[in-house]
Amino acid sequence: MAGSAAFDEMNGLDGDVRGPYAEIARWLRATPREQLYRKREEAELLFRRIGITFAVYGEGGDPERLIPFDLIPRILARSEWEVLSRGLTQRVRALNAFLADVYGAREILRAGRIPAKLVTGNELYREQMNGFTPPGGIYTHVCGIDLVRTGPEQFHVLEDNCRTPSGVSYMLENREAMVRLLPRLCARHRIASVSRYPEELLTTLKSAAPSACKGVPTVVLLTPGPFNSAYYEHCFLADEMGVEVVEGADLFVQDRVVFMRTTAGPKRVDVIYRRIDDEYLDPECFLPESMLGVPGLMAAYRAGHVALANAPGCGVADDKAIYPYVPEMIRFYLAEEPLIPNVDTYLCEREEERKYVLAHLDSLVVKLAKGSGGYGMLVGPHATRDMREEFRARILARPADYIAQPTLALSTCPTVAEQGIAPRHVDLRPFVLASADGIRIVPGGLTRVALREGSLVVNSSQGGGTKDTWVLEDDLVAAVSAEPVRSQSQSQSQGGGPGGC
Amino acid sequence: MLSRTAESLFWLARYTERAGNVARGLGVAIRMAGVATRLNGEDAEWRSLLTATGGDAGFYRKYPAPTQDAVVQWLVHDPDHPSGILPCFEAARRNARAVRTALTVDMWEALNDSWNHLRALPPEATEGERLPDFLGWVRERVMLFNGAAQDTMLREEAWRFVHLGTMLERADNTARLLDVRHHLLTSGGEGGVDYVHWQAALRSVSALRAYHWVYHDRLDPRRIVELLTLRPELPRSLIACYAAVVELLDGIALAQGGRRGECHRLAGEIHARLRFGRLDAIFEQGLHEFLTHIITRTAELGGEIERFYIRA
Chain S
1 MAGSAAFDEM
11 NGLDGDVRGP
21 YAEIARWLRA
31 TPREQLYRKR
41 EEAELLFRRI
51 GITFAVYGEG
61 GDPERLIPFD
71 LIPRILARSE
81 WEVLSRGLTQ
91 RVRALNAFLA
101 DVYGAREILR
111 AGRIPAKLVT
121 GNELYREQMN
131 GFTPPGGIYT
141 HVCGIDLVRT
151 GPEQFHVLED
161 NCRTPSGVSY
171 MLENREAMVR
181 LLPRLCARHR
191 IASVSRYPEE
201 LLTTLKSAAP
211 SACKGVPTVV
221 LLTPGPFNSA
231 YYEHCFLADE
241 MGVEVVEGAD
251 LFVQDRVVFM
261 RTTAGPKRVD
271 VIYRRIDDEY
281 LDPECFLPES
291 MLGVPGLMAA
301 YRAGHVALAN
311 APGCGVADDK
321 AIYPYVPEMI
331 RFYLAEEPLI
341 PNVDTYLCER
351 EEERKYVLAH
361 LDSLVVKLAK
371 GSGGYGMLVG
381 PHATRDMREE
391 FRARILARPA
401 DYIAQPTLAL
411 STCPTVAEQG
421 IAPRHVDLRP
431 FVLASADGIR
441 IVPGGLTRVA
451 LREGSLVVNS
461 SQGGGTKDTW
471 VLEDDLVAAV
481 SAEPVRSQSQ
491 SQSQGGGPGG
501 C
Chain A
1001 MLSRTAESLF
1011 WLARYTERAG
1021 NVARGLGVAI
1031 RMAGVATRLN
1041 GEDAEWRSLL
1051 TATGGDAGFY
1061 RKYPAPTQDA
1071 VVQWLVHDPD
1081 HPSGILPCFE
1091 AARRNARAVR
1101 TALTVDMWEA
1111 LNDSWNHLRA
1121 LPPEATEGER
1131 LPDFLGWVRE
1141 RVMLFNGAAQ
1151 DTMLREEAWR
1161 FVHLGTMLER
1171 ADNTARLLDV
1181 RHHLLTSGGE
1191 GGVDYVHWQA
1201 ALRSVSALRA
1211 YHWVYHDRLD
1221 PRRIVELLTL
1231 RPELPRSLIA
1241 CYAAVVELLD
1251 GIALAQGGRR
1261 GECHRLAGEI
1271 HARLRFGRLD
1281 AIFEQGLHEF
1291 LTHIITRTAE
1301 LGGEIERFYI
1311 RA
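Residue numbers (the working numbering), protein chains in the order written: chain S, 1 to 501; chain A, 1001 to 1312.
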């Protein structure tokens, strides 16, 4: 089912090179393999020196390891991106409307469009958010929507990440790496720039400031600290935005106002871009033993003295058990039809669907409803009999914990593999920024690639890699195969040239 | 700047400087062990090095006697000794990682590359005849870090906290190294034993050549003390370190609109004592008493800096 039947984004279904990849195909034909391998080594050196690492725990080995970077970019035509962009905007608007509703009037529950039990009985539902409206009515300011593709026109949303999605630093650094490693290839395309993301993020965060905040809001990024797997990203984003990276102990609350400890004394904080989970935010409100959070933070938040982005309680919108209802949210709140469909999803909790799942374990993907990072997952067609039987037992023991989806033939992209260039499955995580004045999306996102042949698991914690994602400004390749007119002499400045990388 | 950032910058510089100082002290001790066993007790040199590095109590809890192997193990590798060379680099790098964005790329690479090298260090690299090479490498890495900081940091608060850490640590180190040899610098004899120790005192702050350039004369204990305490030309003298400490603290205060505390007063007081003190008075008071006073006040100053800028 997967694998051979997959749609290849370069070669299409029939083997003809698709328009956006014309120049890449030419480049691949003209470049000796050894040169690609050499470039790949250069890329690794570059990432190691800059220190872009991703920590994976519990596996031994190097605790600061690199996510493999694949040199061959993943390319989307402008027209393709525009459809996605509209669909993403629609989806994030609906998700925010849903969050405002379930922590407010609960109309969607009263209308019976989503079972109330799934929402208010959900462990990710935060009672603490009831009857409180965050500034601007926005809950999920930074949202990562995972998309997969199965055909030329067929994109699906695989998962929503409304809490603290990570990976955006790779989107930015991958582009940086491409411009440094393959400047001429970049210059032969008109690639939409992603470099504005930090600025857009800062604008989004500032606009989330409480209305009581006068003047320029002080924004900080709250990290769990250097042992977190995304710590590099936290520092990178803060550095790019010019804001402080703080840990819980750097903040304190006095009279329901949040301050950070600085060498010049306490400084008031207006907006916290928090990259720690809800439960750790405030020991007075959530887990009392948390050392990562700030005592009294929620009281300051509810008093309207500080903003949190994303708001606590967003998990109820991206829970895998809620996911099947997102199309319904779009219809309910926006009176529109979803522009990007979901993947069919079976909730094992429901008897009918559970029966179906148990009868089709060899063709379905089974996931933990609360899981992330590709852990605790069964890919039916690739699983052994023992693994399937183990999952059967687990589903029967705790049906509410599991969902299942058909095994999709995820699209593939040409990728540098040991034996040469080979198709590998990819997904795409665009980053969507929401504020009261609208939705911002930089064109592109993070393309993750399953490096093992035939594998459908792209998560970096499971040995996946990343690619740079190019959205072309126009659907025609800029300067057909010719080299740039300007010579590569010393007078030419470094970097991308006309490609706008 | 975040207090935690200032703290990490201050300590990463202190740990780095400390690693260099331990390497310098160890280098001198090995040299002395080569020439001085016949002059002196077998392990006197190792004992005084342990005293100078301030961790002797911990050492004697763990090792039966201060043999060369035991002291090298303690001062280079032992994870129980926070002022040992490897633990210092580890702590410096840990602090650096926590404040990556406050460092320049060159500083980070100097620390990170050192740490990666040390992580993969085979045990024999610090044994026997190879030890001096290793110690030389440590000093080079510390100089590389200091050079990277000096050459690439914006002259803002971050730089001031880094340099403050370096200078405070250096002042402490010079006072301690001098103190362990105080009796040999005040006894006034001119025997061969004392002479070797005077040389060692100068070598341990890389100042033997500097002495000759400043005084154009043979070694004299009073001049050695003068050079290491009161002469501003010597970059590791107490007064040179304290002049920098005062200037850095003033720079931080000025950038914050003149906000000052006890740390500023105390630094000024210690500096004034060095600046307006007389060599005769130091010897009248007693060199050991004077140095003990400096060591104690330096520790107090470290505490006051933390109280004012970090734990406030």
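Source of the hints: derived by calculation from the structure; they are not laboratory data.
This structure is a prediction, so every number in the text was calculated from the model and none was measured.
Think of the CB as a built atom: it goes at the ideal place given N, C-alpha and C, for glycine as much as any other residue.
Among the hints, erroneous ones may be present.
With the C-beta cut set under 10 Å, the calculated list includes, among others, these residues of chain A facing chain S [as the list claims (entries may be wrong)]:
| id | residue |
| --- | --- |
| 1 | M1001 |
| 2 | G1058 |
| 3 | R1061 |
| 4 | R1155 |
| 5 | E1157 |
Not close to chain S: a few residues of chain A, all C-beta gaps over 10 Å, as computed [said to hold, decoys possible]:
| id | residue |
| --- | --- |
| 6 | A1006 |
| 7 | Q1199 |
| 8 | A1272 |
| 9 | L1274 |
| 10 | H1288 |
| 11 | Y1309 |
| 12 | A1312 |
Hints and how they fare:
1. The beta carbon of M1001/A is positioned within 10 Å of a beta carbon in chain S (closest approach about 5 Å), and the interface hint is therefore held.
2. The closest approach between the C-beta of G1058/A and any C-beta of chain S is roughly 27 Å, which is over the 10 Å cut-off, so the hint fails.
3. Annotation: interface hint on R1061/A violated; nearest CB of chain S at approximately 31 Å, more than 10 Å.
4. A cut of 10 Å between beta carbons decides the hint on R1155/A: the least distance to chain S is about 16 Å, and the hint is violated.
5. Interface hint at E1157/A: satisfied, since its Cβ lies 6 Å from the closest Cβ of chain S, which is below the 10 Å cut-off.
6. The claim that A1006/A lies off the interface is violated: its Cβ sits roughly 5 Å from the closest Cβ of chain S, which falls inside the 10 Å cut-off.
7. Separation of Q1199/A from chain S is adequate, the least Cβ-Cβ distance of about 42 Å exceeding the 10 Å criterion.
8. No beta-carbon of chain S comes within 10 Å of the beta-carbon of A1272/A; the shortest separation is about 25 Å.
9. Annotated as non-interface, L1274/A keeps its C-beta farther than 10 Å from every C-beta of chain S; the closest such distance is 26 Å.
10. The beta carbon of H1288/A sits about 36 Å from the closest Cβ of chain S, which is more than 10 Å, so the claim that it is off the interface holds.
11. Against chain S, the non-interface label of Y1309/A is violated: not every CB pair exceeds 10 Å, the least being about 4 Å.
12. With a least CB separation of 6 Å from chain S, A1312/A falls inside the 10 Å interface cut-off, contrary to its annotation.
Hint compliance for this structure: hints 2, 3, 4, 6, 11, 12 are not met, and every other hint is.
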